[in-house]
Amino acid sequence: MATRGAVASSKAAPSGLTREQLLELYYYMRLTRSLEERLVNLYRQTKVVGGLFRSLGQEADAVGSAYALDRSKGDVLSPLIRNLGSMLVQGATPLEILRQYMAKGDSPTRGRELNIHFGDTVRGFIGQISHLGDMVPVMAGVTLSFKLRGQQRVGLVYVGDGATSTGAFHEGINFAAVQRCPLVVVVENNGYAYSTPTSKQTACTSFKDKAIGYGIPGVRADGNDVVATYEVTREAVDRARRGEGVTLVELMTYRRKGHAEHDNQSYVPPGEIERWALENDPVDRFIKVLTGSKGVPAAELERIDARVVAEIDRATDEAEASPAPEPRDGLLGVYADPAETPVLWYREGVRSAVETHERPASWGTHDG
Amino acid sequence: MAETTYLEAIRQGLFEEMERDANVICMGEDIGAYGGAFKVTDGLQARFGEQRVIDTPLSEAAIVGAAAGAAHMGMRPVCEMQFIDFISCAYDMLTNYVATARYRAFLPCPMVVRGPSGGYVRGGPFHSQNPEAAFLHTPGLKIVYPATASDAKGLIKSAIRDEDCVLFFEHKYLYRRIKEDLPTGDHVVPIGKARLAREGRDLSIITYAATVWKALEAAEQLEKEDGLSVEVLDLRSLLPMDDEAIAATVKKTNRVLIVHEDTVTGGVAGEIAARINDLAFEWLDAPIKRVAAHDVPLPYAPQLEDFVLPQTADIVRAARWLAAY
Numbered sequence: 001m002a003t004r005g006a007v008a009s010s011k012a013a014p015s016g017l018t019r020e021q022l023l024e025l026y027y028y029m030r031l032t033r034s035l036e037e038r039l040v041n042l043y044r045q046t047k048v049v050g051g052l053f054r055s056l057g058q059e060a061d062a063v064g065s066a067y068a069l070d071r072s073k074g075d076v077l078s079p080l081i082r083n084l085g086s087m088l089v090q091g092a093t094p095l096e097i098l099r100q101y102m103a104k105g106d107s108p109t110r111g112r113e114l115n116i117h118f119g120d121t122v123r124g125f126i127g128q129i130s131h132l133g134d135m136v137p138v139m140a141g142v143t144l145s146f147k148l149r150g151q152q153r154v155g156l157v158y159v160g161d162g163a164t165s166t167g168a169f170h171e172g173i174n175f176a177a178v179q180r181c182p183l184v185v186v187v188e189n190n191g192y193a194y195s196t197p198t199s200k201q202t203a204c205t206s207f208k209d210k211a212i213g214y215g216i217p218g219v220r221a222d223g224n225d226v227v228a229t230y231e232v233t234r235e236a237v238d239r240a241r242r243g244e245g246v247t248l249v250e251l252m253t254y255r256r257k258g259h260a261e262h263d264n265q266s267y268v269p270p271g272e273i274e275r276w277a278l279e280n281d282p283v284d285r286f287i288k289v290l291t292g293s294k295g296v297p298a299a300e301l302e303r304i305d306a307r308v309v310a311e312i313d314r315a316t317d318e319a320e321a322s323p324a325p326e327p328r329d330g331l332l333g334v335y336a337d338p339a340e341t342p343v344l345w346y347r348e349g350v351r352s353a354v355e356t357h358e359r360p361a362s363w364g365t366h367d368g
Numbered sequence: 001m002a003e004t005t006y007l008e009a010i011r012q013g014l015f016e017e018m019e020r021d022a023n024v025i026c027m028g029e030d031i032g033a034y035g036g037a038f039k040v041t042d043g044l045q046a047r048f049g050e051q052r053v054i055d056t057p058l059s060e061a062a063i064v065g066a067a068a069g070a071a072h073m074g075m076r077p078v079c080e081m082q083f084i085d086f087i088s089c090a091y092d093m094l095t096n097y098v099a100t101a102r103y104r105a106f107l108p109c110p111m112v113v114r115g116p117s118g119g120y121v122r123g124g125p126f127h128s129q130n131p132e133a134a135f136l137h138t139p140g141l142k143i144v145y146p147a148t149a150s151d152a153k154g155l156i157k158s159a160i161r162d163e164d165c166v167l168f169f170e171h172k173y174l175y176r177r178i179k180e181d182l183p184t185g186d187h188v189v190p191i192g193k194a195r196l197a198r199e200g201r202d203l204s205i206i207t208y209a210a211t212v213w214k215a216l217e218a219a220e221q222l223e224k225e226d227g228l229s230v231e232v233l234d235l236r237s238l239l240p241m242d243d244e245a246i247a248a249t250v251k252k253t254n255r256v257l258i259v260h261e262d263t264v265t266g267g268v269a270g271e272i273a274a275r276i277n278d279l280a281f282e283w284l285d286a287p288i289k290r291v292a293a294h295d296v297p298l299p300y301a302p303q304l305e306d307f308v309l310p311q312t313a314d315i316v317r318a319a320r321w322l323a324a325y
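Protein chains in written order, with our numbering: chain H, 1 to 368; chain R, 1 to 325.
Looking at chain R on its own, in the form it has when it is part of the complex:
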């Protein structure tokens, strides 16, 4: 069987869910005849028509707000942010309207907001963002950020079937670089469950999205050069977060490095560290360390971007420090 890319996996998931449930519709800018800026929705309009694959005005707040209204009426809209950076234009709609709808008014809001995220692509400050932490603080939303093609497909399907609003971050660096044989049949990955990407004994790296691959690279190198056995936990879901899997890996290796591509201050790593403090403080043999982007808007030039974003070498360096602590 031919291998499927991360991007194609998402497209397959969308296609299958639209086939399965006539209430699923897609909304976004240039997603119809053009197939989307990255072609994630390519072919959907030809198959499902203009009614269900809607080319919208350039209006993120309207896309998300209209999705919420349609969701109240029983539809299951999937909104595309052309780049996830533009989700900030719908921040009010998501945090004030959508996230509170069930709690304040018993209004169901089964919808997905998805979009290409992340850097390492020379996209500059407005086509490279990782805005997940901005929404982690909002009760009522769910957040997933897959690292593999299989998880991308399984999670988009789960997100569409979920009864609440799911923010589906997809990493554009992984779109066409990552491919694998996908499980056959109705492949669904549960939201809220982490994945053990690599087993190890000496040290745990907790991460998600593109840095899962950098962590795995680092783990290889550390095994080869230092004889260290490094465990890599891919969170996949950030909200809800898999506390059980986090506690299990901490109790196993007693040393934790948290890695993410987003900037460090106020990033998801801080929340993970606080949870470890609550769940398993006494099991730690070393301080929790973070490797994340520096606190700057993401610059364009390769020399600048590569310096600002976390690289494999940064992970290796931090892991060595932790192992020696």
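The following block holds chain H by itself, in its conformation from the complex:
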């Protein structure tokens, strides 16, 4: 494996991460990648009924940043479509992800939502919507509640380079900055929003510069270095927990797959993807660190890989056996109260509806 010198690796060991924690980071990165690979197989078998979104090449930024939160303190994050790794760190399970992609009746959203669009406030992740940028105001409110209640909790919200162009991003980050909410805003700069390159998204030279306009610190790190990602996010998390407000963290990474599985990436300059795969794969880079300076035997990593495969196999079997949702369940749960309006009568069969339809006694007498 060739490694390019241009990307700075993590500093010696200021992260304070133990050997055990480093291996945990590796586990989550491997789990993310392998789970997505399994999803590709299921997608090709048409068992994933909707689109499939990959985070190939971005596993480090998702896992490292989420790892900087403190689950024991009740920290909350709001993931984006390429943050499967972040959700796994917060406790989402492969079984949930598989059921969700396969639209099963016992998926976390009962078949109502797609892919990794689901949440659990207990484990600390909030279900995203497709309207990019919208989660920034929402997470401003989540963290506002932490502040109002005097809780030592922190929130983290992910946006992509594209979402920084939305009004919601601006309104949300400004609101949170003014209120000094304990919020970390992570901009994952992966080079593309669907097919639009960063150069067509902003005239700024870097997204971290946008922080100046909100009166908050902006920092930038190598998102393909999991430890560097952890460190920079951890600093922002600690700052938020100390009551010092919002930090904008830009993580530099690269989206090696298309927007979704259908996207052939015809807009990418030739050789670009291959270069990143060869020279800057976050998993490969971390393996090199672990087996190099950290002295982890390769066999130990292989054992983790085997554990990941076993977990995914088990979850796949279980997910495939899960039932499809009951069609009528699609009508439930819009409001807290049970629905008062019955199922549309004409869908039930016109005859019975006509028979039970109440009429005045005089009805029909005009025909005579």
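Keep in mind the hints are simulated off the structure, nothing from the lab. In this text the structure is predicted, and so the values were computed from the model without any measurement. Glycine included, C-beta positions come from ideal geometry on N, C-alpha and C. Wrong hints could be hidden among the right ones.
Sample of chain R residues facing chain H (criterion: CB under 7 Å; computed from the structure) [claimed, not checked]:
1. Ala61
2. Ala68
3. Ala70
4. Met75
5. Ala105
Following the hints, position chain R against chain H.
Using the frame of chain H, we list chain R on its own:
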């Protein structure tokens, strides 16, 4: 006991709910020290502090989005739109995020978005709107629009206690013109229940908000001049809508006039008419008629605004046509 205005009734409701439940917070532009553009939140910040009565940036999407996030965590935010016209800036947040939260992600969103609505005040195109129909089409939201001071208080309290997002439209023309003795104690009006504002036999007017008062005026005139007995049903809640009360009045009078201040095309009246068609078509002795604003942005000049908005004379004219059908 002194009579209470519609505006003061809302303020009382906010005050009482903030006293009752520490999770209730208010968010909006200029609502704190200034007390809001119409003074609906006057005195709240002095009583409950800056933490619970939050002066926000000029950011409707952030206000609504942040309210949703806080609501997920167990707070009960009440957002003020300085004028309800600006709710369009939060349309995405309300329709895509808030309204779907429970269904798609089991996220509770107990919050209220309230604001001064409606015309007859020379406010022009951007300070007079009635945007309720834009949200009627969004499953997951609730909509109330009171016409009386008593309902304003009872419904704001219900809205705050509701487990889902309630859009609370308050009519600015009624703010200081309508007053009454309010019921004492913990006065709560259930969401989804209409109010029979006037009983009658010959004809029903189904309406809500400011046009309730115009309908009542018309009913008086029709009784005096035509000997007609006109029933007026004040819906109070638009989502959910009180189908039972609508069917009952149709079956009683067999003639229906629907009146609202919002523009006619795609307005709430169309939905009410469709429901009557489903619920009680055979009970009708005449076509359902609508009196609503003309399909134009609301103009400023009194001569223009008065012509565009439904007036008592329009209601009287339509009612006479219906009665004679």
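If you check each hint against the structure, which ones fail? Violated: none.
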